[in-house]
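Q: Going line by line, the protein sequences match chains A and B.
Everything in the first sequence is counted per my numbering, starting at 94 for the first residue and increasing by one.
Everything in the second sequence is counted per my numbering, starting at 24 for the first residue and increasing by one.
Check the hints yourself; a few may be wrong.
[As the list claims (entries may be wrong)] To give an idea of the interface, some chain A residues facing chain B are shown, with a C-beta separation under 8 Å as derived from the structure:
1. ARG285
2. LEU318
3. THR343
4. VAL344
5. TYR350
6. SER351
7. ALA358
8. THR359
9. ARG360
10. SER418
By construction, these hints were calculated from the structure, which means they are not laboratory data.
Backbone N, C-alpha and C fix where the C-beta goes; we use that ideal spot for every residue, glycine too.
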Amino acid sequence: MAIGTHNLKRFFSQYKILALLFAIAVIWLFFGQLTDGAFLTPRNFSNLLRQMAITGMLASGMVFIIISGEIDLSVGASLGLLGGIAAIMDYTYHFPVPVTIVTVIVLGVGIGLFNGYWVAYLRVPSFIVSLAGFLAFRGLLLGLTKGTTVPLESPALVMIGQAYLPTMFGNLLGLGLFALMAVLTFRTRSGRAQHGLAVSPLWQDAVKLVVIGAVIVGFVYTLNLYEGIPVPVLVTLIILGIFSFLAKQTVFGRRIYSVGSNLEATRLSGVNVRMVKMLVFGLMGLMCAFAGLTTTARLAAGSPSAGTLGELDAIASCFIGGASSRGGVGTVYGALIGALIMASLDNGMSMIGVESFWQMIVKGAILLLAVWIDVISGAGSER
Amino acid sequence: MSEYLLDMRGIVKDFNGVKALDGIDLKVRPGEVVGLCGENGAGKSTLMKVLSAVYPYGTWQGQIFWEGKELKAHTIRQTEEAGIVIIHQELMLVPQLSVAENIFMGNEIRLPGGLMNYSAMYKRAEELMAELKMPDVNVALPVYHYGGGHQQLIEIAKALNKRAKLLILDEPTSSLTKAETEILLDIIRDLKRKGVACVMISHKLDEIAAVCDTISVIRDGAHVGTRPMSGMDTNEIITMMVGREIKNLFPREEHPIGEVFFEARNVTCLDVNNPRRKRVDNISFTLRKGEILGVAGLVGAGRTELAMAIFGCYPGQYDAELWLDGKQISVDSPRSAVMQGICLVPEDRKRHGIVPLQGVGANITMAVLKDYARYGVINSEKELHQIEKSIARMRIKTASPDLPIRGLSGGNQQKAVLSKMLLPNPKVLILDEPTRGVDVGAKYEIYKLMFELVKQGLSIIMISSELPEVLGISDRVLVIGEGQLRGDFINEGLTQEQVLTAALGQSSELAA
Chain A
94 MAIGTHNLKR FFSQYKILAL LFAIAVIWLF FGQLTDGAFL TPRNFSNLLR QMAITGMLAS
154 GMVFIIISGE IDLSVGASLG LLGGIAAIMD YTYHFPVPVT IVTVIVLGVG IGLFNGYWVA
214 YLRVPSFIVS LAGFLAFRGL LLGLTKGTTV PLESPALVMI GQAYLPTMFG NLLGLGLFAL
274 MAVLTFRTRS GRAQHGLAVS PLWQDAVKLV VIGAVIVGFV YTLNLYEGIP VPVLVTLIIL
334 GIFSFLAKQT VFGRRIYSVG SNLEATRLSG VNVRMVKMLV FGLMGLMCAF AGLTTTARLA
394 AGSPSAGTLG ELDAIASCFI GGASSRGGVG TVYGALIGAL IMASLDNGMS MIGVESFWQM
454 IVKGAILLLA VWIDVISGAG SER
Chain B
24 MSEYLLDMRG IVKDFNGVKA LDGIDLKVRP GEVVGLCGEN GAGKSTLMKV LSAVYPYGTW
84 QGQIFWEGKE LKAHTIRQTE EAGIVIIHQE LMLVPQLSVA ENIFMGNEIR LPGGLMNYSA
144 MYKRAEELMA ELKMPDVNVA LPVYHYGGGH QQLIEIAKAL NKRAKLLILD EPTSSLTKAE
204 TEILLDIIRD LKRKGVACVM ISHKLDEIAA VCDTISVIRD GAHVGTRPMS GMDTNEIITM
264 MVGREIKNLF PREEHPIGEV FFEARNVTCL DVNNPRRKRV DNISFTLRKG EILGVAGLVG
324 AGRTELAMAI FGCYPGQYDA ELWLDGKQIS VDSPRSAVMQ GICLVPEDRK RHGIVPLQGV
384 GANITMAVLK DYARYGVINS EKELHQIEKS IARMRIKTAS PDLPIRGLSG GNQQKAVLSK
444 MLLPNPKVLI LDEPTRGVDV GAKYEIYKLM FELVKQGLSI IMISSELPEV LGISDRVLVI
504 GEGQLRGDFI NEGLTQEQVL TAALGQSSEL AA
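Chain A with its partners taken away, still in its complex shape (with noise of 0.2 Å):
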């Protein structure tokens, strides 16, 4: 028994993402036999990608939260008030969709950094905060709708969340990514070399650049075998670009892990603490407001119920994908990843007609594993 844990969390602590990788290959072949390849089609294939966006959104937010040591469990509210206010500027009022979209981004973009404000700078714990954000917007978006469903009127709208890029602007945007990370690479490369620190051995870059290029050119090619890029799924991957930068190559992305490992030494360092705590809410807003577009254009409509328990989900992905309980670690690929095996699972269970009651009592169980495999595996477990 020793001996068995002792190997799986060394295991688990080196090849996490491969892990990772691993278990989504399983679930996608287990599903496969299944369904007779049903779900391995390009077509189910963009499906379960434009499931996951959502999620996705709310997790690239998410994750950044956890890492800096907090919990945020308004988001499927907030994601549900934003597309509501979408839905009402839209059908009740005609704004102009580049308004509507601003407003809903400054609306959400300012629920979190109040959210942040109240959790930051008055002390109250994130998760009464949140808990309390959890029944308000969604008691303000029933109070607003007054429980009915709001159609969508502009086609313009819809297009965020149903529409889908030409195949031929889809290849050019593989092949704009793959030459901008052969650019990044050799840019690190050189830039080291010049400061006359260690450079990695080329071929090992090389190698990298070659499975980039691999998945870069299968990714595309699926999804062109069906419609194309679905546009909730390209802004999820820009998102995806932009965190991950700014996680590793920014100030404020250092701060955030800086804060959640020790806010006490980091404070002490001359950092302003509860202002990144309060931006970390603000960008967790940011994308409430983008899931919350894409859900009332994928659905053409605000619903009142809209989001329900998106939190949750979005939580089980971080820590699916490897963000730490105990906050200081974390990546958003990770979360994505945590992301594509939740709506794997629940696309799949659906398909082969697993009831609804299960996929919870799965869902569940998965989150519980994840978590354990982080305790097992973790920082700190030795102390």
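Keeping the supplied structure of chain A fixed, place chain B upon it in accordance with the hints.
A: Just chain B, lined up with the frame of chain A:
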């Protein structure tokens, strides 16, 4: 039965292929006090964790014989039942629970039905307190009523209550005052007479010399030697520990001292929980350019609170008027302190100094990260360049700047925290216990660095509980006692006795 109570033979422990212990022997006779010495990272704590089954049997190689029989313990509970009790450097008491409840934690005396038998526990706790010469402790009061010295003794009472035959004390005096230390050493001698053996890990060699029968030195995970204490002197021990002779522990260097540069007036801090109590009571002092000002005093005298008030991070209510370079400054947060040229290296490195999960490099540049960024985007190469410079300057031992800092030894962590606080180019640097838990070699390097810095015109305030350090390094010494300024001495011919007398509040008017 063998003559040894404990006989550890050829202990080897490795972490992912790195040998932390490489064939260590340790033998303890009944009623013997063994001093275990070694630099930080030498393997002392690892050895004790092997002994107390924090690392269970099977995760290391070698044999442990306990009272003649091989001990194969898998849990701490098993070693405690055998009679091996470890008292950690950081005390493991629950401050809100009473003294008696702490002593009996985990082995409460129960009445039928699981109720606690308080009267029996109080009686036994009082007996233990009397045995430890603390009859005035009220065992029904919460532990937080008592200071560090008492708490240490309460831990020992807890161990005695478990019928310990071997006590392991890990840096037992690191937060004790001189008087409290004396009491503790007395009690160790007393326990020795009653047949309780002791392994004492300490950096304070005079204490080891005062109480130990035998001294065992380890270095880099290997056993250097075990000798009877009589006939050893501290220089020999140091030589064994570091493998080279450090002739002068305090590399004092002459340096010019300028005009008064920084001044704190009327600093008063109120206790967080009890605002009627003043932790710092109207202290004013000055600091000259290029001066090292030592701040001495007993633990709990208010030295750390004074530093926190100056750095803008005292958690309770406080007042402080600060003047820097002729201008009054206002400091309301660590951030504004750092921006105005005041930096603090805190006392509690683990809680306040390091960000454990981040790399050594990220820790070093934390305070000045914005200088390596444009529009919030970090220029990694520029940052890395500075990090490598800092690591080289401070001789921080790390395989890579990306390695999480928590894997480093105390001395190296401290050097990293110091580098972090030097990068903002402070004018006033406050060092709170800069060499606590730091090995002899790193200590020496830190002192060297301090002199290098003051020669460049920096002013340093050094808070320290080690009088030899205060007297060996400082140009001037402030003595704080019970929140008040008790003395301000030029460090010329100053003796430990003078400083202690002032700290205790006697005849401070004799101050030079």
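Q: With chain B as the partner, please determine if A:ALA358 meets the hint condition of a C-beta pair closer than 8 Å.
A: holds (5 Å)
Q: For the hint on A:TYR350, just tell me whether its beta-carbon gets within less than 8 Å of chain B.
A: Since the shortest Cβ distance to chain B is 6 Å, the answer is holds.
Q: At a threshold of 8 Å, is the proposed contact between A:SER351 and chain B supported by beta-carbon distances?
A: With Cβ-Cβ at 4 Å, under 8 Å, it holds.
Q: Against chain B, with CB atoms and a cut of 8 Å, does the hint on A:ARG285 hold up?
A: Cβ of A:ARG285 sits 7 Å from chain B, so the hint holds.
Q: Quick one, is the A:SER418 hint okay against chain B at 8 Å, beta carbons?
A: Since chain B brings no Cβ nearer than about 13 Å to A:SER418, farther than 8 Å, the hint is violated.
Q: With 8 Å as the cut and Cβ atoms as the points, is A:VAL344 at the interface with chain B?
A: With Cβ-Cβ at 5 Å, under 8 Å, it holds.
Q: Is the hint on A:LEU318 kept, meaning its closest Cβ partner in chain B is under 8 Å away?
A: Violated, because the Cβ-Cβ distance from A:LEU318 to chain B comes to roughly 38 Å (cut-off 8 Å).
Q: Hint A:THR343 vs chain B: min CB-CB distance below 8 Å?
A: Holds, because the Cβ-Cβ distance from A:THR343 to chain B comes to roughly 5 Å (cut-off 8 Å).
Q: The hint names A:ARG360 as touching chain B; please verify it with the least Cβ-Cβ distance against 8 Å.
A: holds (6 Å)
Q: Are A:THR359 and chain B close enough, Cβ to Cβ, to be under 8 Å, as the hint says?
A: Where the cut-off is 8 Å and the nearest Cβ of chain B is about 6 Å from A:THR359, the hint holds.
Of the hints listed earlier, those the structure fails to meet are numbers 2, 10, in rising order.
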